[in-house]
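Peer 1: Using the hints, put the two standalone chains together into the complex.
So the protein lines, in turn, are chains W and S.
Each step along the first sequence adds one to the number in UniProt numbering, with nothing skipped, and position 276 is 276.
Each step along the second sequence adds one to the number in UniProt numbering, with nothing skipped, and position 199 is 199.
These are computed hints drawn from the structure, not numbers from a lab.
Wrong hints could be hidden among the right ones.
[Claimed, not checked] Listed next, the in silico SDA-like pairs over lysine to any residue satisfying Cα-Cα at most 25 Å (straight line):
| id | chain 1 | residue 1 | chain 2 | residue 2 |
| --- | --- | --- | --- | --- |
| 1 | W | K115 | S | E281 |
| 2 | W | K276 | S | G45 |
| 3 | W | K279 | S | I278 |
| 4 | W | K272 | S | E46 |
| 5 | S | K269 | W | T273 |
| 6 | W | K279 | S | M208 |
| 7 | S | K144 | W | R274 |
| 8 | W | K279 | S | N199 |
| 9 | W | K15 | S | E46 |
| 10 | W | K181 | W | T37 |
| 11 | W | K272 | S | M200 |
| 12 | S | K149 | W | R297 |
| 13 | W | K209 | S | S273 |
| 14 | W | K276 | S | A270 |
| 15 | W | K276 | S | E184 |
| 16 | W | K114 | W | R97 |
| 17 | W | K276 | S | E281 |
Letter by letter, the chains look like this.
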Amino acid sequence: MENNRREKNVLLDVKNLRTAFYNGDSKMEVVRGIDFTVQKGEILGIVGESGSGKSVMVKSILGIIPNNAKVDAGEIVLDGEHLESLSKKEKRAIRGREIAMIFQDPMTALNPLKKAGDHLVELLVRVRGMKKKEAINEAIELLRMVGIPSPETRVNQYPHEFSGGMRQRVLIAMALACNPKLLIADEPTTALDVTIQAQILELLKKLQKENDMSVVLITHDLGVVATICSRILVMYAGRVMEEGMAHEIFYSPKHPYTKALLNSIPRVDGEKTRLKPIKGSAPSLQTISSGCPFADRCEFAFDKCFKETPEYQSFSSTQKSMCFLAGEGAKVDD
Amino acid sequence: MTESRKKLVELKNLKKHFPIKSSFLKKGTQVVKAVDDVSFHIYKGETFGLVGESGCGKSTLGRTLNRLYDATAGEILFDGKDIANLTNKELQPYRKRMQMIFQDPYSSLNPYMNVEEIIDEPLEIHTNLSKNDRKKIIIDILEKVGLKKDDMGKFPHEFSGGQRQRIGIARALSINPDFIICDEAISALDVSIQAQVINMLEDLQEEMNLTYLFVAHDLSMVRHISDRIGVMYLGKMVEISKSDELYNRPLHPYTQALLSAIPIPDPIKAQNSKREIISGELPSPIEMETGCRFRSRCPFAKSICAEIDPELKQVDDEHLVACHLY
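Just chain S, same shape as in the assembly (with noise of 0.2 Å):
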């Protein structure tokens, strides 16, 4: 059944590498590898979650996936056409069906612009429709994210942190994209606005056929909402998992750490889980040693780890993980 499921995304060894500047007095230049060989693909209508902590490159991904950054190496297919290498004019009809959702509902809307005009942007950009036309869309998208027609010539200062996110939520989906990378779109919301947008992303998926990358550290939201979830340590991708799956029977000895690691609202089964609290944080992304990234911080390192990089292997349906447990 699964094989007969269309892929939006497809990435296929993707690397993104930033380089950093040596000074005048060390030779040779060190690279961070921020991706690193990552593959992985995104079903058409699925909600495909990426966690893990800060500085695993998840954020990276996400930008590169829609070229904000080039790839230093491999295919980024959408669609089934290959746009890692296109040139911003080719890209240009790719661009108008990916849009984005930033994480700061602060930063990302551009204070001198008013909701119609933050709106009608992509608009003016993506489609050849004349000024009223544009007008009736931009009434219609405002209804479908919670907003009133009288918001249009308001300015987002106007506006509190959940609205604002509406507002760029709603500028993402006026030209009628296919798929569109959350990059913790709702972490600088409050936990009761927080839902509010939640069950608003769910809405449009339904009603507009979205397809979404959500890509956040709040592990309990990213399990709510993802269809399948994939977790990224130090650029690499460890596991990849349907959602439930993951939070049942996770594999990876990292992802077994930060599932065991979030907090339960809930006292006695907060006091009584064995939390196995992994010692140690993340290693300088600079200075990779060869193997397993992970095995400094597990606590089922073994002798091969340190010599050979685990391969992203099936082990069940749907079920990937990069280990030499499994």
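With the rest of the complex left out, here is chain W (with noise of 0.2 Å):
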């Protein structure tokens, strides 16, 4: 039953996702098969190293990946609509309206020439259909919603006139403007200070809530994640190691990645003891064959993690683990 109210209430379902980058003859696999869904109102933690493909993998919902990138296989359902087998206009057409993005850098994802203003406003003409004037009231508003103070002298302003904290507002913003029902933000608060990162999260929670969208935060800090996210997914050379909700994750991690992870960060709370790294690093994905990916680094590894993929094993209808030992390896403490 509870898997019944789930199906119902899933806004984007992607299955078996695979994405290469071709050069010449070579192929590098760097989203290897990667399974779930993003149920409608909720925020889903999508955590991991650099490398691990997690913002290839959103581009490639998106369809925004380079030119040499292909998807190569997968399902990608939003609400209902096969996005897999669109042509490029018909993606265009959802970017902005169903799914919008907001970037890491916020110094670069502004185009320096045009006032915040024009941003919006070239927005909401496009998708919205909306008249100039319109538009540009519209805009103040949006601006005003996102927390810009004095938003109609800040609509005429250029890009150099804001700090990073006050861009990223715009691009998200502009995320907005066309009231998209997934929003997925990549590392959005990654180039700002702590103090403005507070602010940012803040306020995707608060517009989460009003607009009543889904939210895909990637990220590679575990304590943003837990901030705010109700689900995650946890990300190793272009796999989903683990998946499960915020509780699960942080307190009963089954695999020995996550719970290394977990490891490996210093607490501002609590006492004070010497780090526990992961030993070597992330591996090569082209050289990568075989087994599983994080068996190099795995203290828990045994023969048969080098030579099968494990498959996953369940743990309750939400938690789910890439690993042969069934928890036991997380369990092993200490």
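Peer 2: Written out as structure tokens, the structure is:
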């Protein structure tokens, strides 16, 4: 019954997504078979280290990957509509209206030659079919909604007149201009200071509630996910290693990688102890072959791990992990 | 007890101002007071953390301290000797004793030099050792930072970010310095690699009796590695304290705001904690007003805060704060 309810609530359903970069004859698979769903009205966190494929994965969904990359397989269903078979033009119509995205670097995402307001007006005219005058008023309202003080004057200013935090707010306003059902935020606070990060996270949370949209938040910061996400995917080397509700991932992680990641960060709360790093470094995606991608760095790896790729094991209706040890690896504590 | 500890570095009223060229229409030059009247000391063998938001002057302070920038005013006492006004030649013996580890492991290594040449460079400049002796030191230091002897002939592009940072550390340590400035040394690295580098820095500190100035914006990492921490805001030191004390009992409203903004990697604690999110952003460092620099964002600002710039004063053992509330 629980499963039934969850299925009805699915906004985005991704199945067996595979994306590879091609360079002449060589092929590098960056997203290596990913399944996940985004529920209506949830904030889903995707965590992973650099090179884990998290950005390429969401860009594949939107169809904004570079020319030498190709989505090789998979189903992407947004609210009942299959996206993978759409033409470029049809995909373009979906972007902005149905799915919107904010990027990591607010310094380069805006056109320096255009006023902040013009970015919004252009969008409102093109996508929502507004008249220019109407669009300017709407742009001011949007800037007010994302907490930019005196939006009437700000609307006529250029990006260089805005600070990093304020630019990120402009980008959020752009993303929300067309009431998307799904907002994808790719490291939205990584370039910002902690005090500004706290403001932006608070804003995202508030807007998500008010507009009843779903948010996918990509980050490498476990503190950020703990603060605003209800469900989490842990990615490593192009695969989802573990998936679960926030409390499942933080309080009963089943995958050795999740556990190791949580152990390697220092805590502001609690006692100071020596950090437990993960040995080695992430595998090269060019040489990766069979077996569990984390096997080289895993303390609990045995023969089988290097030969076969583990299947997912479920631990609850929401938690599953890709490991032979069925959670035992992660249970072996300290 | 603290009296008997030897101060390795002491700054007295250090200032670093950068003039901004005025346009030919506007008369007069403006200055950015990147470091404005900062005094503190670092004991031998300790790790002093320096935190603050971008633009607060923490990196400038580090670079002024080791004379990459010339100080505008003030004294830099290194092992008791004021090095603020020494000429390059007079500085040489001091340069040997202080080294720096930079933030970006991709741009701080010369791509045309192999690992041996990179680590050899400071040895060649600062010592009279023969080529063979230097090679022995290089092999030894590579082992200490967890790289192999075979890596000597490789070039930076053959290494990952974490390994490059190890090369940078090996370069800094090759001439056996006393004092290392780590300027955001781990910010560019992945979480799992950060822990490797931090543990290594801690081990090396013990082994080689090093003193660190650890400049960073990652507050949880700073707490982990530091003995004492200084918090900077717009060129001023607003609070200095032992690291646990700072996190358990922050006094300055800015420190309090900064600490409560750290996202805690624990969903229940994160959702239950009352986060005091300060509004507003760092004001421009050019048009500085009188009084306390934090007052435009401070929830406790009083009339006196607009008039008098609070001095850094001692409120407890090793706990200093610059605020009119105390």
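Peer 1: Look at each hint and say if it fits the structure.
Peer 2: Here is how each hint holds up against the structure:
1. W:K115 with S:E281: Holds: K115 of chain W and E281 of chain S sit about 21 Å apart, inside 25 Å.
2. W:K276 with S:G45: Holds, at roughly 23 Å.
3. W:K279 with S:I278: The given pair, whose Cα atoms are some 38 Å apart, is violated under the 25 Å limit.
4. W:K272 with S:E46: 16 Å, holds
5. S:K269 with W:T273: 20 Å, holds
6. W:K279 with S:M208: 24 Å, holds
7. S:K144 with W:R274: Holds: K144 of chain S and R274 of chain W sit about 19 Å apart, inside 25 Å.
8. W:K279 with S:N199: 12 Å, holds
9. W:K15 with S:E46: 53 Å, violated
10. W:K181 with W:T37: With Cα atoms ~14 Å apart, K181 of chain W and T37 of chain W stay inside 25 Å; holds.
11. W:K272 with S:M200: 16 Å, holds
12. S:K149 with W:R297: 22 Å, holds
13. W:K209 with S:S273: Holds - the C-alpha atoms of S273 of chain S and K209 of chain W are around 20 Å apart, at most 25 Å.
14. W:K276 with S:A270: 23 Å, holds
15. W:K276 with S:E184: 20 Å, holds
16. W:K114 with W:R97: 22 Å, holds
17. W:K276 with S:E281: Violated, at about 35 Å.
In the structure shown, a violation is registered for the earlier hints numbered 3, 9, 17, in ascending order.
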